[in-house]
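Turn these sequences into a full structure, and let the hints guide you.
2 protein chains.
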Amino acid sequence: MNAKQVTGSTNFQAPVRVGVLGFGGLGQAAARVLSLKQEMILVAAADKQGYAYAGDGLNAQECIAAYQSQGSVGYLEPTGTLTNFSIQDLIESPHHVDGYFLALPNLPNNFIASVAQQFIESGWRGVLVDAIKRTSAVEQLLGMKEELQAAGITYMTGCGATPGLLTAAAALAAQSYTEIHRVEITFGVGIANWEAYRATIREDIAHMPGFTVETARAMTDAQVEALLDKTHGVLTLENMEHADDVMLELAGIVDRDRVTVGGVVDTRNPKKPLSTNVKITGRTFEGKISTHTFTLGDETSMAANVCGPAFGYLKAGQQLHQRGMYGIFTAAEIMPQFVR
Amino acid sequence: MNAKQVTGSTNFQAPVRVGVLGFGGLGQAAARVLSLKQEMILVAAADKQGYAYAGDGLNAQECIAAYQSQGSVGYLEPTGTLTNFSIQDLIESPHHVDGYFLALPNLPNNFIASVAQQFIESGWRGVLVDAIKRTSAVEQLLGMKEELQAAGITYMTGCGATPGLLTAAAALAAQSYTEIHRVEITFGVGIANWEAYRATIREDIAHMPGFTVETARAMTDAQVEALLDKTHGVLTLENMEHADDVMLELAGIVDRDRVTVGGVVDTRNPKKPLSTNVKITGRTFEGKISTHTFTLGDETSMAANVCGPAFGYLKAGQQLHQRGMYGIFTAAEIMPQFVR
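First to last, the sequence lines map onto chains Y and D. So that you can map any letter, position 154 of the first sequence is 232 in the numbering used here, and since no number is skipped, the others follow by simple counting. So that you can map any letter, position 109 of the second sequence is 187 in the numbering used here, and since no number is skipped, the others follow by simple counting.
Hints may be right or wrong, so weigh each one.
The list makes no distinction among identical chains, and a pair is therefore deemed to hold if it is satisfied within one copy or across any two copies.
[Said to hold, decoys possible] Cut-off 25 Å, straight-line C-alpha distance, at most; resulting in silico cross-link-like pairs (BS3-like, lysine-lysine):
hint, residue 1, residue 2
1, K349, K308
2, K115, K366
3, K223, K350
4, K350, K126
5, K366, K308
6, K350, K308
7, K357, K115
Because the hints were derived from the structure by calculation, they are not lab data.
Okay, here's the thing in structure tokens:
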């Protein structure tokens, strides 16, 4: 007996029409991930200078080519539109989009919240997903719960890798315990050559003691090189501001100060210095202290671990939306659904 | 800013009133797990010879003492009732119970399905949770979806350790991948002395090639000892019939024949021969083959890993029920909620 016979579920469902806002590395990866799916299709994409829409689906490769060679998906013919108000214009267009992945850099720290506000004010109804990282940023979205509810929007926040996949794994692992003592997320990143990741390296340096986003951004390449030379090219990041903490606290699992996120970035080796993992330590009902560990395969890239879950949470959000469940949900509360 | 202030959620919610059906090792562990919680209280317990009910909560230790010394919770004064139709009588009693954990041995293979049928016919509405193991047994429950829906029951099936916690971990891990190649669950069990687990050892032997439930049950202790001697007391179980397969297939994640469950039981050593884990192997959108691994801490017992998730899924089921979402759900589709 196969599963379809058991449940009697043979309904055809039209593919979910998805838009991607932001078309840097993350947005482009999202477009590629969607190109391999049948249940979900990319119908819209927007960058700073324009947007593109095609009701029967955009071609990810064409979008990426237009962006990389001409600077915007707005140059696509005939699906593109050049505009400096791309997000606003796309939201307000008559084109139907079921859900958007906000693959945007959250700079300044309230940028994504301001985009959510645009959606609320537009009257658009549907599902929104972000892969926001910082605690303070997710808290802004959480504070918009009632407005999102009233607007008929189902917003899924912190749905990348961390926060996201690893936060959900912690929420699951917590089930074995009466009390959680700590949640420790550690990521490993290996890059052959840091110059290809200039912006990201400075974001990482911003998390180090003694640095801020501004001072890290202001560093010259020579200053970055000198910093890296002190540590054989390895950056060790500890106690990063990461929304896994507020999400697990909100889920009633553990106080936020018992959640730590850190990582090791090796800027001179494409191989990860350690395998990305989350450890959940707690006490069982029998009084035993123990640790569950969820480890990600080394061959899985950050893009796969962010975009995969983002669309899985978009699908879950779609199911919530169909049931009239609006407002805001985090990755720790909901099981992402597999998107074929 | 703490999480409650962010969401404005300060409502007091009455504890969820829970019943445990079956009071062997699993039911007793369930009672102990509940005794440490505030959000959920044990109000009812039933075994073969009787049941007990107390609206303001039963004392787990007293229930366990009555069962172990007198043979039934029905002997408790004044909360117990002796009856050979304990489940029927408890369901039909006017006592209010929000949800039941069916901590019953599924013998014969349709026993738990028959108990679900009793609930359906009684007119009782609420949440039911099981920790059923076999594929064929979960399929029976899945086949009752429409009747459960019509009866106003929210049934959570396969919500133990495996299936359960490990199946949900696989569903989560699958999010990084475009295609899942295989899911491998391997459990490790260490027991100092197999004679304390006579029934369980024979259940395990029943899964070995050349044995059936009947032939294993019929073995004398001497025959069991001789079998164990051949392998230094270690039983290796492979390709067990486990509902993780149908649950992951139903969730659209992977065909059931790519899901394998096995284990190693060391009957002469209290230390686990290996750490219980689930490995999820797949291909990412970038064409990389990789494996995520979720490993349970060795100090966590099967009781903790079964009962913890069971009540987490009961809480999740309660939330579904409050929204009018009846029918049947599996551990792979829903995020269990942490029960304080």
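Results for each hint:
1. K349 - K308: within (20 Å within a copy, 44 Å between copies)
2. K115 - K366: between (44 Å within a copy, 17 Å between copies)
3. K223 - K350: neither (38 Å within a copy, 46 Å between copies)
4. K350 - K126: Neither: 32 Å inside a copy, 56 Å across copies.
5. K366 - K308: neither (42 Å within a copy, 33 Å between copies)
6. K350 - K308: within (19 Å within a copy, 44 Å between copies)
7. K357 - K115: Classified as between: cross-chain Cα gap 23 Å, same-chain 31 Å, threshold 25 Å.
The structure is inconsistent with the numbered hints 3, 4 and 5, although it conforms to all the rest.
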